[in-house]
Amino acid sequence: MASTTSQGQLALIPIGKKKVKTGCKTCKERRVKCDEAKPECHRCLSRNRYCGGYGIWGGGTINRNTVQNSFPSSSNDSETPRYTVREGILSPLTDAPFADEDKKWYLDYFTARICGRLASVFDSPFWGHLVQRAAYTEPLVCSATAALGAIYKSREDSQDLMTHPDRTNHHHRLFAFREYNKTLSLLRSRLLQNDSASRHVLLITCVLVTAFELVQGNHQAALHHVNHGLGVLFVYDQDQHSRISRPSERAKRHSDGENVIEPFFRTMLLSTLIGGTPISSFVSFLDAATSLRVTIPDKFDGPCEARRALDALLINALQVTEKYDCSATEPVSDDIHQKYCRLQRAEKAWIAAYIHDKPTLISKSNFRTIHGVHLLQMYHSMISIMIAVAPCVSEAAYDEHTSTFASILSQTVSMWDRTGFSVHEPHQRHGCITGPRVTLELGIIPALYYTALKCRDPILRRQAAKLLMVAPYSEGIWHSVVVARAALAIIELEEDNYFNGINFISNPLLETRNAETIGLPTLPVHFRFRHVSLVLSAESRTRGKLTYWKPHNSTGYTKMVLYFDFTDIKGL
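Each residue of the sequence shown is one higher than the one before, counting from 1 in UniProt numbering.
A hint or two may mislead.
What the hints assert, rightly or not - Calculated cross-link-like contacts (lysine-lysine; reagent style DSBU-like; alpha-carbon spacing at most 35 Å):
hint, residue 1, residue 2
1, K339, K358
2, K550, K348
3, K545, K570
4, K299, K323
5, K28, K104
6, K33, K104
7, K299, K358
8, K364, K299
9, K104, K339
10, K299, K339
11, K339, K559
12, K323, K550
13, K323, K339
14, K559, K570
15, K348, K299
16, K104, K182
17, K545, K559
18, K358, K348
19, K104, K323
20, K182, K550
21, K364, K348
22, K570, K550
23, K339, K570
24, K323, K559
25, K28, K182
26, K348, K323
27, K358, K323
28, K364, K339
Stated by the list, open to error - Computed spacing ranges between beta-carbons, pair by pair:
hint, residue 1, residue 2, range
29, A221, N553, 44 to 50 Å
30, H337, N366, 25 to 31 Å
31, R308, D334, 36 to 42 Å
32, A37, D334, 42 to 48 Å
33, H356, D565, 48 to 54 Å
34, V235, R308, 24 to 30 Å
35, D298, H337, 48 to 54 Å
36, R31, A538, 47 to 53 Å
Please keep in mind that the hints were generated in silico from the structure rather than gathered at the bench.
Ideal Cβ placement from N, Cα and C applies to all residues, glycine included.
Given only the sequences and the hints, what does the whole structure look like? Please build it.
The structure is reproduced here in structure tokens:
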């Protein structure tokens with residue numbers, strides 16, 4: 001007995017008196033020293049425990065199924081869970097200490113059903129890991145995440161009510177708005193805390209409330225949250241650089257914070273690729289190591305590495321294009337020419353590595369991310385055109401890349417053939433099951449919009465615009481049907497009845513050429529617009545304006561503005 005008592009004292013004294021301020025969440029709760037290894041600490045790993053990670057800064061066990069005794073059993077362990085968390089997704093949410101049972105249910109629902117949809121066809125560290133860890137440790141993020149899960153469930157059940165009118169989804173909707181209002185209240189109080197960690201939480205929350213408003217169709221409120229998030233991001237970026245002087249430390253801090261910046265980075269790219277906003281407007285938000293790196297590895301270890309390298313190519317292509325566009329007013333420096341040559345080599349290196357590693361990339365993908373592997377190739381096609389025509393002053397340069405534009409369209413249709421649900425009736429059934437199609441990632445919209453504007457083959461550009469209408473969905477604030485209608489408006493204005501009387505095939509999924517359209521020429525150069533910008537109204541994403549530069553008497557260009565109103569689009 002004495003031995004047992006002594007053993008008990010040895011176990012109690014260190015745990016009861018020792019204060020543990022650092023380490024993973026599991027070690028801090030157990031009040032034991034943590035070695036703070038990442039992604040999961042060695043102490044938890046050696047004892048087959050679940051490592052709770054280091055809060056919103058990452059780390060922790062990725063797959064709960066690989067460990068035992070992850071959490072203490074709860075009183076309702078006997079109940080069968082309604083949703084099962086997918087393998088590979090971290091979900092410590094059900095044991096969030098500040099969440100009641102309803103909130104835990106919506107958090108689990110968000111993890112199991114919504115994260116993948118918001119991440120689109122890529123593994124997103126933000127949606128797959130960061131949001132879930134933050135929801136476990138931060139009441140503000142927990143409320144925002146639960147609200148988003150509840151509004152998705154409400155919208156899903158609204159679809160179900162069409163076939164089962166006797167059911168009701170009032171509970172989900174009421175819960176969603178209760179938690180959303182709570183989020184806004186907590187958000188206001190958190191704004192008063194002027195420290196880096198608080199800004200980190202604010203950025204995560206801004207993304208969640210933006211997604212909440214987009215699912216609701218509230219474009220104006222979503223835009224407000226995006227702008228607010230960009231303001232917080234600017235302060236966050238300045239803070240990261242002002243606190244750290246050594247480049248190596250700066251790179252480490254960037255690595256810690258890059259996941260939270262990811263959704264804003266995608267928002268910036270969408271604004272440039274679709275809205276026509278100059279990429280130079282966002283330079284202060286882009287880390288120099290990212291925006292200038294053009295070195296491509298000999299092989300890609302996985303889809304995420306291939307995507308990061310392609311992101312670098314895209315940023316550089318946009319920057320170089322902008323520099324060459326300004327060459328009429330200020331000469332292009334030798335540094336830009338050298339960067340352009342490096343960019344050309346990097347583009348060829350990327351596609352060579354991609355083709356070599358594509359079977360491996362596919363083997364490392366799941367049913368969702370395998371489409372991301374194919375989407376990377378589509379984006380490379382677009383980027384290769386951007387790079388090739390960057391130094392050219394004439395819009396005729398795009399004619400040399402008609403076959404590449406055609407490949408973008410064929411790749412789109414092939415991807416849809418693989419999904420099995422993206423078009424027509426199967427797509428509608430999928431929508432009923434999974435709710436509204438919203439993502440904050442880059443999908444097919446920029447590549448198809450670019451094709452509709454820059455490819456002057458009359459059949460291909462119409463097919464590109466109409467493909468955007470086949471499976472309506474949103475990438476950020478940009479709805480595919482609105483973008484398609486804007487592209488068709490530009491096509492009509494630019495062609496100015498040049499192809500009047502020609503009957504084009506309306507179904508973009510069928511063979512697009514018939515006896516009447518075979519052999520049609522491309523649009524003559526003196527018709528072609530430049531620098532098209534799509535600006536949405538603050539009040540509605542179905543209204544806005546198109547600005548473009550129209551050729552004027554072969555001596556120059558005149559800036560034109562077209563206001564549009566697409567409020568007849570159903571479902572927006």
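Taken at face value, is the distance from the CA of K182 to the CA of K104 at most 35 Å?
16 Å, holds
Next pair to validate is K33 with K104; report whether the Cα-Cα distance is within 35 Å.
With Cα atoms ~30 Å apart, K33 and K104 stay inside 35 Å; holds.
Against the range 25 to 31 Å, how does the distance between the Cβ atoms of H337 and N366 compare: consistent or not?
Because 43 Å falls outside the window, the suggested range is violated.
Mind checking the hinted window 47 to 53 Å against the Cβ distance between R31 and A538?
52 Å, holds
Decide if the proposed pair is consistent with the structure: K104 and K323, CA atoms, cutoff 35 Å inclusive.
51 Å, violated
Check whether the Cα positions of K323 and K550 lie no farther apart than 35 Å.
21 Å, holds
Would you mind confirming whether the straight-line C-alpha gap from K348 to K299 stays at or under 35 Å?
13 Å, holds
Does K104 sit within 35 Å of K28, going by the straight-line distance between their CA atoms?
This hinted pair holds, its Cα atoms lying about 22 Å apart.
Decide if the proposed pair is consistent with the structure: K364 and K299, CA atoms, cutoff 35 Å inclusive.
14 Å, holds
Is K299 close enough to K339, meaning Cα to Cα at most 35 Å?
Roughly 22 Å separates the two Cα atoms, so the pair holds.
Compare the distance between the alpha carbons of K339 and K358 with 35 Å, and conclude whether the hinted pair is satisfied.
27 Å, holds
Does K339 lie within 35 Å of K104 when you go C-alpha to C-alpha?
Given pair K104, K339 is violated - Cα atoms ~51 Å apart, limit 35 Å.
Consistency note: the structure conflicts with the earlier hints numbered 9, 19, 20, 23, 30, 31 and 35.
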